[in-house]
Amino acid sequence: MLVDAPQTSLKRLDSPAVMKAAVVHQFSRPLVVEQVPVPSPASGEVLVKVVASGVCHTDLSAIDGLWPVKPRLPFIPGHEIAGYVAAVGLGVTTVKEGDRVGVAWLHSTCGRCDECLSGHENVCAHQQNTGYSVDGGYAEYVIAQAAYLAHLPAALGFLESAPILCAGLTPYRGLKETGARPGEWVVILGVGGLGHLAVQYAKAMGLHVVAVDVVDEKLAMARQLGAEIAIHALHQDTRREVRRQIGGAHAVLVTSSSLAAYEQAIHLLRRRGTCVFIGLPQGECPVSVHTMVAKQLTLKGSTVGTRKDLQEALQFAAEGKVHGLIEVQPLEAINDVLQRLRAGQIHGRVVLQMA
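Numbering-wise (the working numbering), the sequence shown opens with residue 5 and increments by one.
A hint or two may mislead.
To be verified - Listed below are the simulated DMTMM-like cross-link pairs for lysine to aspartate or glutamate, each with C-alpha atoms no more than 20 Å apart in a straight line:
hint: 1; residue 1: 299; residue 2: 181
hint: 2; residue 1: 325; residue 2: 119
hint: 3; residue 1: 325; residue 2: 232
hint: 4; residue 1: 180; residue 2: 323
hint: 5; residue 1: 325; residue 2: 164
hint: 6; residue 1: 304; residue 2: 188
hint: 7; residue 1: 299; residue 2: 245
hint: 8; residue 1: 312; residue 2: 288
hint: 9; residue 1: 304; residue 2: 119
hint: 10; residue 1: 207; residue 2: 164
hint: 11; residue 1: 180; residue 2: 316
hint: 12; residue 1: 207; residue 2: 119
hint: 13; residue 1: 207; residue 2: 313
hint: 14; residue 1: 100; residue 2: 118
hint: 15; residue 1: 325; residue 2: 336
hint: 16; residue 1: 304; residue 2: 245
hint: 17; residue 1: 312; residue 2: 119
hint: 18; residue 1: 312; residue 2: 38
hint: 19; residue 1: 180; residue 2: 119
hint: 20; residue 1: 180; residue 2: 313
hint: 21; residue 1: 312; residue 2: 181
hint: 22; residue 1: 299; residue 2: 323
hint: 23; residue 1: 299; residue 2: 188
hint: 24; residue 1: 24; residue 2: 340
hint: 25; residue 1: 304; residue 2: 181
hint: 26; residue 1: 304; residue 2: 288
hint: 27; residue 1: 207; residue 2: 241
hint: 28; residue 1: 207; residue 2: 118
hint: 29; residue 1: 24; residue 2: 336
hint: 30; residue 1: 312; residue 2: 331
hint: 31; residue 1: 325; residue 2: 313
What the hints contain is simulated information worked out from the structure, not anything from laboratory work.
Please model the entire structure based on the sequences and the hints provided.
Structure, rendered in structure tokens:
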């Protein structure tokens, strides 16, 4: 982390020797905004000038060191990165300087395992991850593997593109994993950074939507985005309301970080329904085996998405069917943004703008 790569780039547009970055030096401590060396792309890599970088709840897990495999300190978080190519390494032919690109969570995979070869590279056991195992986008520049870059549609600006690279991609893949078909009902538990985009992708995919949250403003937002039914989980009995109004859901997508949402999820399904988890709560989630067996339910997990999924997710946004609700902040505000994210005080997505 934070090590300048070998000087093997073919061209550099306007890269200085140092850049501003928000760096994690200690877990669960405020990030330090400081000057660090600008890395140079090695063979097969590109240097991306960051214009916009989304702030994801997963970044908190990295910053607080909550996962079993922790990032090596110091490191730069951030994996929703939109910008343009500033320099290319040897052998790169798929992009050129000046191209508008996105850098997502999937930095690289092995490309050889069963998962990679069968269209499931997002669960490759040998993957490297942007902003976790390699430095990310809370910085003015970031290194990316050329083969894993997303080409941004011309209709999408940098600020609009950044959240789609994770907050859009993850629920889009999750909805695909439910197997729900047009005309069927999906319950989306949690209408935050992922959930507000999940509502829109579900509508674009022809699904009917029930949105569940504990914040009135988020439920109002969900209705504005197309949810036919909005349920306040603290003031209403979610299970009873879903059964009463739609007879149970064909699918449930859980985007929340609240463990209570996961505990009730399968009880919202009709028989032979599918529940997909995409959020990452703390703690263990009990599941009723009796309910699973008696109703022949399917319970799945889903993580981010493949490069193909990302192309599709970006295309929906480029066609105007999905719009991230964005709050723009400077990099210097990152610690305040993270505190608000911890407290559940952010509606939609915060995007850091790098000048």
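Comparing the hints with the structure gives:
Between residue 299 and residue 181, the direct Cα distance comes to roughly 19 Å. Compliance with the 20 Å bound is thereby established for this hinted pair. The suggested pairing of residue 325 with residue 119 is violated, with an alpha-carbon distance near 30 Å, which exceeds 20 Å. This hinted pair checks out: residue 325 and residue 232 have alpha carbons roughly 17 Å apart, not beyond 20 Å. In summary, the hint linking residue 180 to residue 323 is supported, as the alpha carbons are separated by about 19 Å, within the 20 Å threshold.
For the suggested pair residue 325 and residue 164, the alpha carbons sit about 13 Å apart, so the restraint of at most 20 Å is met. Proximity of residue 304 to residue 188 is assessed by CA-CA distance (about 18 Å); at most 20 Å being required, the pair is judged to hold. For the given pair, residue 299 sits about 19 Å from residue 245 by alpha-carbon distance, which is consistent with the 20 Å threshold. For the suggested pair residue 312 and residue 288, the alpha carbons sit about 32 Å apart, so the restraint of at most 20 Å is broken.
As the CA atoms of residue 304 and residue 119 are separated by approximately 16 Å, the hinted pair is consistent with the 20 Å bound. As the CA atoms of residue 207 and residue 164 are separated by approximately 19 Å, the hinted pair is consistent with the 20 Å bound. For the hint pairing residue 180 with residue 316, the CA-to-CA distance comes to about 11 Å; that is within 20 Å, so the pair holds. Proximity of residue 207 to residue 119 is assessed by CA-CA distance (about 29 Å); at most 20 Å being required, the pair is judged violated.
Taking the CA atoms of residue 207 and residue 313, the gap is near 17 Å; set against the 20 Å cutoff, the hint holds. As the CA atoms of residue 100 and residue 118 are separated by approximately 31 Å, the hinted pair breaks the 20 Å bound. As the CA atoms of residue 325 and residue 336 are separated by approximately 32 Å, the hinted pair breaks the 20 Å bound. For the suggested pair residue 304 and residue 245, the alpha carbons sit about 24 Å apart, so the restraint of at most 20 Å is broken.
Taking the CA atoms of residue 312 and residue 119, the gap is about 14 Å. The hint holds against a cut of 20 Å. A distance of roughly 36 Å separates the Cα atoms of residue 312 and residue 38; the hinted pair therefore is violated under the 20 Å criterion. Pair hint residue 180 plus residue 119 holds up; C-alpha atoms about 17 Å apart against a cutoff of 20 Å. Of the pairs offered as hints, the one joining residue 180 and residue 313 holds, with about 9 Å between alpha carbons and a cut-off of 20 Å not exceeded.
Using a Cα cut-off of 20 Å, the hinted pair residue 312 and residue 181 holds, with the two alpha carbons roughly 14 Å apart. With a C-alpha separation of about 38 Å, the suggested pairing of residue 299 with residue 323 is violated against the 20 Å cut-off. This hinted pair checks out: residue 299 and residue 188 have alpha carbons roughly 18 Å apart, not beyond 20 Å. Taken as a hint, the residue 24 and residue 340 pair is honoured in the structure, with Cα atoms around 18 Å apart against an allowance of 20 Å.
For the suggested pair residue 304 and residue 181, the alpha carbons sit about 8 Å apart, so the restraint of at most 20 Å is met. A hinted pair counts as satisfied when its Cα atoms are at most 20 Å apart, and residue 304 with residue 288 qualifies at roughly 15 Å. Restraint check for residue 207 and residue 241: not satisfied, since their Cα atoms lie roughly 24 Å apart, outside the 20 Å limit. Note on residue 207 and residue 118: the hinted pairing is violated, with a Cα-Cα distance of about 33 Å set against a maximum of 20 Å.
For the suggested pair residue 24 and residue 336, the alpha carbons sit about 10 Å apart, so the restraint of at most 20 Å is met. Restraint check for residue 312 and residue 331: the C-alpha separation of about 28 Å exceeds 20 Å, so the hint is violated. Taking the CA atoms of residue 325 and residue 313, the gap is about 16 Å. The hint holds against a cut of 20 Å.
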